[in-house]
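As they're listed, the protein sequences go chains U and D.
Start counting the first sequence at 49; every next residue gets the next number (this note's numbering).
Start counting the second sequence at 330; every next residue gets the next number (this note's numbering).
It cannot be assumed that every hint is accurate.
[As the list claims (entries may be wrong)] Below, simulated DMTMM-like cross-link-like pairs (lysine to aspartate or glutamate); rule was C-alpha separation at most 25 Å, straight line:
(1) K342(U) to D445(D)
(2) K569(D) to E240(U)
(3) K408(D) to E383(D)
(4) K154(U) to D275(U)
(5) K518(D) to D503(D)
(6) K335(U) to E383(D)
(7) K335(U) to D275(U)
(8) K443(D) to E502(D)
(9) K386(D) to D503(D)
(10) K569(D) to D445(D)
(11) K334(D) to E240(U)
(12) K408(D) to D379(D)
(13) K332(D) to E257(U)
(14) K342(U) to E444(D)
(15) K332(D) to D275(U)
(16) K255(U) to D275(U)
(17) K335(U) to E444(D)
Treat the hints as calculated values from the structure; they're not laboratory data.
As a plain string of letters, each chain reads:
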Amino acid sequence: MVREGVKRGGSGRTFLLISLLPAILILGGFILLFFWGFYQSLTDMRFGRASVDFEGFGNYARLFGRGRFWDSVSTTTIYAFTAVACEAVLGLAIAKLFNTRTLLAKWCRPVILLPLVLPPLSVALMWTTMMNPETGVLNYFLSFIGINNFGWISKADTAMFAVVFIDVWTFTPFFVLIIFAGLRGISPEIIEAGRMNGAKAWGLFLKIELPMVLPYIILAALFRLIDSLNQFDIIFGTTQGGPGNATNVLSISAYFTAFQNLQFGRGAAIMIVNWFIVLISALVMVKLWRYTRKRVS
Amino acid sequence: MLKGKLTSFVLNFLIVAVVFVMAFPIVWIVMNSFKEAADINAYPPVFRFDPTLENYKVLFDIADAEATSYGTLKVEFFKPVINSVIISAGAVLLSLIAGVPAGYALARFNFRGKEDLAFFILGFRFAPVLLVIIPMFQFFQAIGLYDSYFGMIWVYQLITLPMIIWLCRSYVEDIPVEIEEAAAICGAKRPQIMLQVVLPLLRPGLVGAALLVFLLAWHNFALGLILTAEKTPVTVALLKLLNPGISFYPVVSAGLVISMIVPIALIILGQRHLERGLTFGALK
Numbered sequence: 049m050v051r052e053g054v055k056r057g058g059s060g061r062t063f064l065l066i067s068l069l070p071a072i073l074i075l076g077g078f079i080l081l082f083f084w085g086f087y088q089s090l091t092d093m094r095f096g097r098a099s100v101d102f103e104g105f106g107n108y109a110r111l112f113g114r115g116r117f118w119d120s121v122s123t124t125t126i127y128a129f130t131a132v133a134c135e136a137v138l139g140l141a142i143a144k145l146f147n148t149r150t151l152l153a154k155w156c157r158p159v160i161l162l163p164l165v166l167p168p169l170s171v172a173l174m175w176t177t178m179m180n181p182e183t184g185v186l187n188y189f190l191s192f193i194g195i196n197n198f199g200w201i202s203k204a205d206t207a208m209f210a211v212v213f214i215d216v217w218t219f220t221p222f223f224v225l226i227i228f229a230g231l232r233g234i235s236p237e238i239i240e241a242g243r244m245n246g247a248k249a250w251g252l253f254l255k256i257e258l259p260m261v262l263p264y265i266i267l268a269a270l271f272r273l274i275d276s277l278n279q280f281d282i283i284f285g286t287t288q289g290g291p292g293n294a295t296n297v298l299s300i301s302a303y304f305t306a307f308q309n310l311q312f313g314r315g316a317a318i319m320i321v322n323w324f325i326v327l328i329s330a331l332v333m334v335k336l337w338r339y340t341r342k343r344v345s
Numbered sequence: 330m331l332k333g334k335l336t337s338f339v340l341n342f343l344i345v346a347v348v349f350v351m352a353f354p355i356v357w358i359v360m361n362s363f364k365e366a367a368d369i370n371a372y373p374p375v376f377r378f379d380p381t382l383e384n385y386k387v388l389f390d391i392a393d394a395e396a397t398s399y400g401t402l403k404v405e406f407f408k409p410v411i412n413s414v415i416i417s418a419g420a421v422l423l424s425l426i427a428g429v430p431a432g433y434a435l436a437r438f439n440f441r442g443k444e445d446l447a448f449f450i451l452g453f454r455f456a457p458v459l460l461v462i463i464p465m466f467q468f469f470q471a472i473g474l475y476d477s478y479f480g481m482i483w484v485y486q487l488i489t490l491p492m493i494i495w496l497c498r499s500y501v502e503d504i505p506v507e508i509e510e511a512a513a514i515c516g517a518k519r520p521q522i523m524l525q526v527v528l529p530l531l532r533p534g535l536v537g538a539a540l541l542v543f544l545l546a547w548h549n550f551a552l553g554l555i556l557t558a559e560k561t562p563v564t565v566a567l568l569k570l571l572n573p574g575i576s577f578y579p580v581v582s583a584g585l586v587i588s589m590i591v592p593i594a595l596i597i598l599g600q601r602h603l604e605r606g607l608t609f610g611a612l613k
């Protein structure tokens, strides 16, 4: 077979090796750093101090004994899961809206992609200027509906809402893009068949469309959940973990532990815990995705 | 009939509302960047004003000494823009050199553990960047790569290389194998096929991929924050603009506009490739 010939030429093996090697070397270097980071988390390493003692899981034990650490764990999960849930619902609604045959839908589609291409840190700073409690334009709009001096990122009880709001504004378009592709993939015959059987618009949506786009929604949620659990830019650009402890997610806490208190070992330990949460959430989402995809086919 | 018109009106209205929410903050920040300090801090916010270029002049340090409302305060924003361009373009170039052959190999060869390798590469998309930066910081200090273009271009591979490999693989898979088989029958060797047959076909896709990955590199903040002091990218320089303690919103707005113009220009150039790239891995 010709195909075999192309796939397994005599020089094929060398060629394969040479083409993969540079990429593997570069990425492999990062893996080594990752393991080194894990090793650091088992030591009392501090920046600028020569002596380093191996102390096993001491960093972890100390972290687990602190209330502040558990606050960060719950802040991280609350931030990520609330943001992703809002994005999924809004993303579905907007994708449905832009999938209608309305004239404006076609013209305006590029606009909704806009937030996705801006640097997240710029987005965070942009909202910071708009969220100023005294002179911000957002509170000006809110004053029309009778809400005055909303705190946004400056008060502990509204800061979480504000950063989740920014995450939702920025990344809802990601859901829209993916769900849109899912909706386009449903063949018109299936919808038509449903309509013949007397299904109403809502019935069609709940019984046919929703189950068919569900795998897409979960896939988008998987990607976003991982990113949101690791989110650093948006929070660093707005609250830097404050006010007080209100938005102190694990990655922010690790940054200040490592680069302000210079406790590299403990900072690395916090990131390992963060990574573990990401890993478990991702595995659950992948399971869920496989399940929904199997049910559709 | 009346019901149809009503639905259409409601739908159009909702679309306008969504577009307003998405576009207003950006329009507002552009407006702010042309306002004077007094107009920005005014309440209620000013929607009509006399535009001024002062903020941009301060930003790029081209105003005459003490001719602005900020007196002698110096801002250096031109260098960060150049830094970001050098680092991002360098990272994209290195990723193309290392990533295109890898993407091709993953698309066209069958070998043991291929899917594992592909999945492993995709896994970098989810790497907690901070976990790598903490050990990297010491490493960079030790070998003198801290605050260097070369070091930054190297760590940016963490973001750009997996993306280039993944996109390149999907683009190669779109090219029919038969073309390569025909070339093989004519006696062309594998490297020749790749350079003379596949690469030209791949070019439009690679241009799109390069634009998109440049965008991602431009977005990055955490790596520059921790691993540079002088060679800071735009995103880190923006944050530093907030620091002087005085009300600096007008100049920050101008900086924000600069940091956003580049990505927006890029998506206009690479619109066709954007959707595949932005959904990296999720959709093919």
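Hint-by-hint comparison with the structure:
At roughly 22 Å between alpha-carbon atoms, K342(U) and D445(D) fall within 25 Å of each other, so this suggested pair holds. A hinted pair counts as satisfied when its Cα atoms are at most 25 Å apart, and K569(D) with E240(U) does not qualify at roughly 57 Å. Distance check on the hinted pair: K408(D) and E383(D) sit about 19 Å apart at the alpha-carbon level, within 25 Å; holds. Annotation: proposed proximity of K154(U) to D275(U) is violated, straight-line Cα distance about 29 Å (limit 25 Å).
Note on K518(D) and D503(D): the hinted pairing holds, with a Cα-Cα distance of about 21 Å set against a maximum of 25 Å. Distance restraint check for K335(U) and E383(D): the Cα-Cα separation of roughly 55 Å exceeds the 25 Å cut-off, and the hinted pair is therefore not satisfied. Distance restraint check for K335(U) and D275(U): the Cα-Cα separation of roughly 18 Å lies within the 25 Å cut-off, and the hinted pair is therefore satisfied. The suggested pairing of K443(D) with E502(D) holds, with an alpha-carbon distance near 15 Å, which does not exceed 25 Å.
Only pairs whose Cα atoms come within 25 Å are accepted, and K386(D) paired with D503(D) is rejected, the gap being roughly 48 Å. Straight-line distance between C-alpha atoms of K569(D) and D445(D) comes to about 42 Å, which puts the hinted pair past the 25 Å bound. A distance of roughly 23 Å separates the Cα atoms of K334(D) and E240(U); the hinted pair therefore holds under the 25 Å criterion. This hinted pair does not check out: K408(D) and D379(D) have alpha carbons roughly 29 Å apart, beyond 25 Å.
Between K332(D) and E257(U) the alpha-carbon distance is near 23 Å, which keeps this suggested pair within the 25 Å criterion. About 21 Å separates the Cα atoms of K342(U) and E444(D), which keeps this hinted pair within 25 Å; it holds. For the given pair, K332(D) sits about 43 Å from D275(U) by alpha-carbon distance, which is inconsistent with the 25 Å threshold. For the proposed pair K255(U) and D275(U), the alpha carbon gap of about 31 Å is over 25 Å, so the pair is violated.
Proposed proximity of K335(U) and E444(D) is supported: the alpha carbons are some 18 Å apart, at most 25 Å.
Hint violations for this structure: numbers 2, 4, 6, 9, 10, 12, 15, 16, all remaining hints satisfied.
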